[in-house]
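**Student:** With chain L held as given, fit chains B and F onto it using these hints.
Chains as they are written, first to last, in this note's numbering: chain L, 10 to 437; chain B, 10 to 491; chain F, 18 to 267.
In short, the hints are calculated from the structure, not lab data. Since we're looking at a predicted model, the values are computed, not measured. Check each hint, because a few of them may be wrong.
[Said to hold, decoys possible] Cut-off 20 Å, straight-line C-alpha distance, at most; resulting in silico cross-link-like pairs (SDA-like, lysine to any residue):
#1 B/Lys-390 with L/Gln-337
#2 L/Lys-398 with F/Asn-130
#3 F/Lys-119 with L/Glu-431
#4 L/Lys-415 with F/Glu-163
#5 L/Lys-402 with F/Ala-160
#6 B/Lys-84 with L/Gln-337
#7 B/Lys-464 with B/Ala-437
#8 B/Lys-356 with L/Lys-421
#9 L/Lys-373 with B/Thr-432
#10 L/Lys-402 with F/Glu-163
#11 L/Lys-400 with F/Glu-93
#12 L/Lys-400 with F/Val-107
#13 F/Lys-148 with F/Asp-198
#14 B/Lys-390 with L/Asp-294
#15 B/Lys-76 with L/Glu-412
#16 B/Lys-435 with L/Asp-310
#17 L/Lys-421 with F/Lys-33
#18 B/Lys-365 with L/Asn-382
#19 B/Lys-365 with L/Ala-385
#20 F/Lys-33 with B/Asn-363
[Said to hold, decoys possible] Here are the simulated distance ranges between beta carbons:
#21 F/Asp-261 with L/Lys-398: 42 to 48 Å
#22 F/Asp-261 with L/Leu-383: 39 to 45 Å
#23 B/Asn-391 with L/Asn-66: 31 to 37 Å
#24 F/Val-137 with L/Tyr-182: 52 to 58 Å
#25 F/Asp-240 with B/Lys-177: 47 to 53 Å
[To be verified] To be clear about the criterion: a stretch of chain L counts as covered by chain F if any three or more of its residues have a C-beta under 8 Å from a C-beta of chain F, and this derived list gives those stretches:
#26 386-394
#27 403-413
We treat Cβ as the ideally placed atom computed from N, Cα and C, and that holds for glycine.
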Amino acid sequence: MIDFYNRLFNSKKEELETQILLKNIRKQGLKDFGRIGFPNIKMEKWKNFNTKAFLKNQYEICFEDKDNKLDFFSKINGLESPDTIVFHNGHCSYNMQLDEYKNGVIFGSIKAAAAKYPELVLRYFNKANKQNLNGFNALNSAFVQDGFFLFVPKNTNIDFPVLVTNSYDDDQYHMANSRNIVILEQNSNCEIVQIESSTSYCNTFSNNITELFIGENSTLSLNKLQKYSGKSIDIESTFAIQEKKSTFHNNITIIGGNKLRNDVHIKLNGKNCFADVNGAFVLDDMNEVDNNVYIDHAKADCDSNQNFRGVLDDKAKGAFTGYVLVRQDSQRTNAYQSNKNIVLSDDASMSTNPFLEIYADDVKCSHGASVGNLDANAMLYLQTRGIQKDKAKELLLSAFVLEALKGVKNTKFKEIVSKEIENKILKV
Amino acid sequence: MEQVKNKVIDEFANKDYEFGFTTDIEMELAPKGLNEDIVRYISDKKGEPQWMLDYRLKAYRYWLTMKMPNWSHLKIPKIDYQDLSYFAAPKDMPKYESLDEVDPELIKTFNKLGIPLEEQKRLTGIAVDAVFDSVSVKTTFQETLKELDIIFCSMSDAIKEHPDLVKKYIGSVVPHTDNYYAALNAAVFSDGSFCYIPKGVRCPVELSTYFRINTAGTGQFERTLIVADDDSYVSYLEGCTAPQRDENQLHAAVVEIIAENNSEVKYSTVQNWYPGNKEGKGGIYNFVTKRAICKGNGSKVSWTQVETGSAITWKYPSTILKGDDSIAEFYSVAVTNNHQQADTGSKMIHLGKNSKSTIVSKGISIGQSQNTYRGMVKFGKNAHNSRNHSQCDSLLMGDRCGAHTYPYIKVENNTGIVEHEATTSKIADDQLNYLKQRGLDEEQAVSLLVNGYAKEVLKQLPMEFAAEATKLLSISMEGSVG
Amino acid sequence: MKLIEIKNLHVNIDDKEILKGFDLDINRGEVHAIMGPNGTGKSTLASALVGKPDYEVTAGKVIFKGKDLLEMEIEERALEGLFLAFQYPVEIPGVSMINFMKTVVDARRKHNNEDPISPVDFLNLVKKSSKLVGINDKMKGRAVNEGFSGGEKKKNEIFQMAMLQPDLAILDELDSGLDIDSLKHVAEAINKLRNKNNAFLIITHYQRLLDYIVPDYVHIMNDGKIVKSGGKELAMELESMGYDDIMSKN
Numbered sequence: 010m011i012d013f014y015n016r017l018f019n020s021k022k023e024e025l026e027t028q029i030l031l032k033n034i035r036k037q038g039l040k041d042f043g044r045i046g047f048p049n050i051k052m053e054k055w056k057n058f059n060t061k062a063f064l065k066n067q068y069e070i071c072f073e074d075k076d077n078k079l080d081f082f083s084k085i086n087g088l089e090s091p092d093t094i095v096f097h098n099g100h101c102s103y104n105m106q107l108d109e110y111k112n113g114v115i116f117g118s119i120k121a122a123a124a125k126y127p128e129l130v131l132r133y134f135n136k137a138n139k140q141n142l143n144g145f146n147a148l149n150s151a152f153v154q155d156g157f158f159l160f161v162p163k164n165t166n167i168d169f170p171v172l173v174t175n176s177y178d179d180d181q182y183h184m185a186n187s188r189n190i191v192i193l194e195q196n197s198n199c200e201i202v203q204i205e206s207s208t209s210y211c212n213t214f215s216n217n218i219t220e221l222f223i224g225e226n227s228t229l230s231l232n233k234l235q236k237y238s239g240k241s242i243d244i245e246s247t248f249a250i251q252e253k254k255s256t257f258h259n260n261i262t263i264i265g266g267n268k269l270r271n272d273v274h275i276k277l278n279g280k281n282c283f284a285d286v287n288g289a290f291v292l293d294d295m296n297e298v299d300n301n302v303y304i305d306h307a308k309a310d311c312d313s314n315q316n317f318r319g320v321l322d323d324k325a326k327g328a329f330t331g332y333v334l335v336r337q338d339s340q341r342t343n344a345y346q347s348n349k350n351i352v353l354s355d356d357a358s359m360s361t362n363p364f365l366e367i368y369a370d371d372v373k374c375s376h377g378a379s380v381g382n383l384d385a386n387a388m389l390y391l392q393t394r395g396i397q398k399d400k401a402k403e404l405l406l407s408a409f410v411l412e413a414l415k416g417v418k419n420t421k422f423k424e425i426v427s428k429e430i431e432n433k434i435l436k437v
Numbered sequence: 010m011e012q013v014k015n016k017v018i019d020e021f022a023n024k025d026y027e028f029g030f031t032t033d034i035e036m037e038l039a040p041k042g043l044n045e046d047i048v049r050y051i052s053d054k055k056g057e058p059q060w061m062l063d064y065r066l067k068a069y070r071y072w073l074t075m076k077m078p079n080w081s082h083l084k085i086p087k088i089d090y091q092d093l094s095y096f097a098a099p100k101d102m103p104k105y106e107s108l109d110e111v112d113p114e115l116i117k118t119f120n121k122l123g124i125p126l127e128e129q130k131r132l133t134g135i136a137v138d139a140v141f142d143s144v145s146v147k148t149t150f151q152e153t154l155k156e157l158d159i160i161f162c163s164m165s166d167a168i169k170e171h172p173d174l175v176k177k178y179i180g181s182v183v184p185h186t187d188n189y190y191a192a193l194n195a196a197v198f199s200d201g202s203f204c205y206i207p208k209g210v211r212c213p214v215e216l217s218t219y220f221r222i223n224t225a226g227t228g229q230f231e232r233t234l235i236v237a238d239d240d241s242y243v244s245y246l247e248g249c250t251a252p253q254r255d256e257n258q259l260h261a262a263v264v265e266i267i268a269e270n271n272s273e274v275k276y277s278t279v280q281n282w283y284p285g286n287k288e289g290k291g292g293i294y295n296f297v298t299k300r301a302i303c304k305g306n307g308s309k310v311s312w313t314q315v316e317t318g319s320a321i322t323w324k325y326p327s328t329i330l331k332g333d334d335s336i337a338e339f340y341s342v343a344v345t346n347n348h349q350q351a352d353t354g355s356k357m358i359h360l361g362k363n364s365k366s367t368i369v370s371k372g373i374s375i376g377q378s379q380n381t382y383r384g385m386v387k388f389g390k391n392a393h394n395s396r397n398h399s400q401c402d403s404l405l406m407g408d409r410c411g412a413h414t415y416p417y418i419k420v421e422n423n424t425g426i427v428e429h430e431a432t433t434s435k436i437a438d439d440q441l442n443y444l445k446q447r448g449l450d451e452e453q454a455v456s457l458l459v460n461g462y463a464k465e466v467l468k469q470l471p472m473e474f475a476a477e478a479t480k481l482l483s484i485s486m487e488g489s490v491g
Numbered sequence: 018m019k020l021i022e023i024k025n026l027h028v029n030i031d032d033k034e035i036l037k038g039f040d041l042d043i044n045r046g047e048v049h050a051i052m053g054p055n056g057t058g059k060s061t062l063a064s065a066l067v068g069k070p071d072y073e074v075t076a077g078k079v080i081f082k083g084k085d086l087l088e089m090e091i092e093e094r095a096l097e098g099l100f101l102a103f104q105y106p107v108e109i110p111g112v113s114m115i116n117f118m119k120t121v122v123d124a125r126r127k128h129n130n131e132d133p134i135s136p137v138d139f140l141n142l143v144k145k146s147s148k149l150v151g152i153n154d155k156m157k158g159r160a161v162n163e164g165f166s167g168g169e170k171k172k173n174e175i176f177q178m179a180m181l182q183p184d185l186a187i188l189d190e191l192d193s194g195l196d197i198d199s200l201k202h203v204a205e206a207i208n209k210l211r212n213k214n215n216a217f218l219i220i221t222h223y224q225r226l227l228d229y230i231v232p233d234y235v236h237i238m239n240d241g242k243i244v245k246s247g248g249k250e251l252a253m254e255l256e257s258m259g260y261d262d263i264m265s266k267n
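Just chain L, same shape as in the assembly (with noise of 0.2 Å):
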């Protein structure tokens, strides 16, 4: 398989070249490829999530939207923003979008943005990425096509959630690679909204890094829904760099895909610093689902959250790894970790892995895992009051997964993955 992208890199190079210039990246992502290969369920961090089949598989890539038709998702639900910016197969459906505001934010198309502005998008591209970790980052260095970009300078507020979305319908094996950057210089807020979604006969397989850039003092929410077909891959990857006193929120709703992989990298690297990473899923059919979070706290002082919830029925399968790393002089330092999950079908599996490694003393961590199934009691109670047991069941799961998105500020946003929920919850 590394000989077919190999291949494929060098038959496609000039058109890779025009796209964006990242001749030096590009070349080394397809020399860490080679190096290191697709990861496989014999490595640790791989273990729960099976490559194998879908890699037989040979992805072509593409340049272009060979349709470029209004997205359907960003429409629906009656989420709009001021700014959006839509993604069809991974292309950005207006050609070289790229909305320059007064107040020198730049938001659009990351091909747009390395167009106009060069050397703000190659000071920060690969720099939170570490070192492309695997085959699929490696890949993804290579063969990046576009993605979002978001440039918010000093002192800044955009005082409405910015809308990215992504709709893949492409039924031909084709590849995805996205990279999103999002730069918050100090004392900037903002708020992205993120929608992924996939029609049933898409053959897509999406390979996404995120790089989010967090300046002092400065605070970033991105809320994402996926909301794929049974039938897509998507890997996504997103690195978080964090400046001391900035704040990160990290929502991620997850309804269906075949399977999906999300790896959160979180470094804290200055004091008073505080990462918030949730996430719900509800899973039924073949669905898979690997959710991985890192968190480093590289420095003292600061406060990190994960708090996952997931339901599985049918085969789904599903995992989380949550991962916290308190360094040596990380002292004051304040983690805790969630993840709780109920098991509908005698099918279904999910594996739960909430690692701490602790190398400072003053520090309070906890964690807490479980697997069940619904409260008995709780059923109980609903059902002596007159609810169905079918109302009662979906009542209890929708409050249950919810519970992991209750710090979701965006009540728009909030509103929506509800009704996503709740609307999965019912075929469950």
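**Tutor:** What follows is chains B and F alone, placed relative to chain L:
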């Protein structure tokens, strides 16, 4: 406050190992190195039947194909397996009929260890099988046990006298293919204890084995096999010490427990191998595979361990809950100090219906030590209505040590319930201050709190052992916590 | 027609017989109290009547409003007008009180072939009921029973009863967890809800509650069945004599 604590920790770091004496007894040593001839030599020395030799050779050949595991959170220096002697025995081992015949030097050793055989025999009713280096020296209390048809003897004797039982059960829980150290043990194990409780018998005394590594440059590879037949009960205790030596010594034991229908086995360990000096020089490498199977319905296995010794500990007493309604428990206190490293925990593999397991692990890291809990709880497809509750707490004392928690939980059915909780913290200042306000000094207060912290585990130990464990814990904490 | 007829009810939990031939009839307009020492099966009766799983009825029958109660699902029993105020109401994180009550009220209306309640009517009903029981708005804003004190949980049970107006309400150890002032308040609310069309079955260990909710009949239960019945004076007698004497006298 910080100063006192540093003083406390320094003092503890300087605390000497209490059991660091050696015993001068003429030893018979196998030549250093490991090859098929050595395996044959060991088997021959022990006068073993052919089937045992074949088993050893099979294990040895398999071991050659294996690599040392590297997934633990341990820094293990390179071990030269050819630089060890795989068999050491007091020369010309006589068969003792009474305690008087035992070499007085040996008796002295056991007395120093706090296990006077005669005394224990008389006062506590504990039957002791003492394994000195590799060879079982004396099994006390035989007569009482004989009346009940309980077999409690050295593994060597068992191989000769109860070959059918040994053949049936050895390697049935920990096969020689299980892991690197288990394979090594199967090839070169020297002795150990064998215990069989017949149907319907409640063993009236605590069975006990003391292990001691004495000779320099040896590895100790004992093998323990405990079989509880239907409706039986036994409580088994294991204690370990070793002299102070500059070089590291390898201890790679295997313990297998089989619990048949409605039987119960309680296995308690106080592990106090030499941990090395405060610079981290010397000490035992304790790479042990302990596993039980709740084979029968309604069977119960309970592991309790107090781990204070060894330079490096790699140990996961585990239980396979195969029988329906079976119960397994794991209670552990692990203290690491100076440069000690421990990677320990438990696996609970649920296969039977309505099986229940409990894990309570309390880690205490001091100095520059690294203390890791690693555990796995797995519910198989047919383990309906199974339950597990795990509580893994870590206490850190000093800012140069580490405490790590790696639980792996996997559930493959929809009727099981697993709950895992863990906390990591230092001793709470408000608790310390509260006790100090009541007139305790820092050391007393810390001692009290640490004891309270470990209590849930200590109270699982049999009475006779609990006192020893509490003493050991306070020795480990002496200077540090009172 | 009697509101409920319980005939020779036998109930097992884990193959152990707890109720051993329990008989009781209740008419509309009546308040019955069941008293007895701990472990005699009082709460088992309540659980078996609402249909708690694992409570196996091995013999006997229960006719509620002319229908076989034991054939019904848990929720059907509720919709037919049977209500249990739990001894230990469960906390349900994430399910808001308001959402819960709306769902419950609409489930009942649907059962009676009525349209869902209008938001205005619903809010009025909530207001009226919460005023009656004396629960504050903060409680209504939270998740069901989550973080409620023992007393708040009990008040919440009676609030739900006021919302649902059941035909038969079983109050299981209502006074546990309530201080004396709250008890008086809750009892007052219950007395206001009493009418000639409904009935109450009060399960209590202590006579104290019956000072505030005066029963028409008192039954003493021991070892899985009623051993003595009488009027409200039986509770007084019990108070002065104790269970042992009353039962030996029997």
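**Student:** Going back to the hint list, which numbers does this structure go against?
**Tutor:** Those not satisfied are hints 1, 8, 15, 17.
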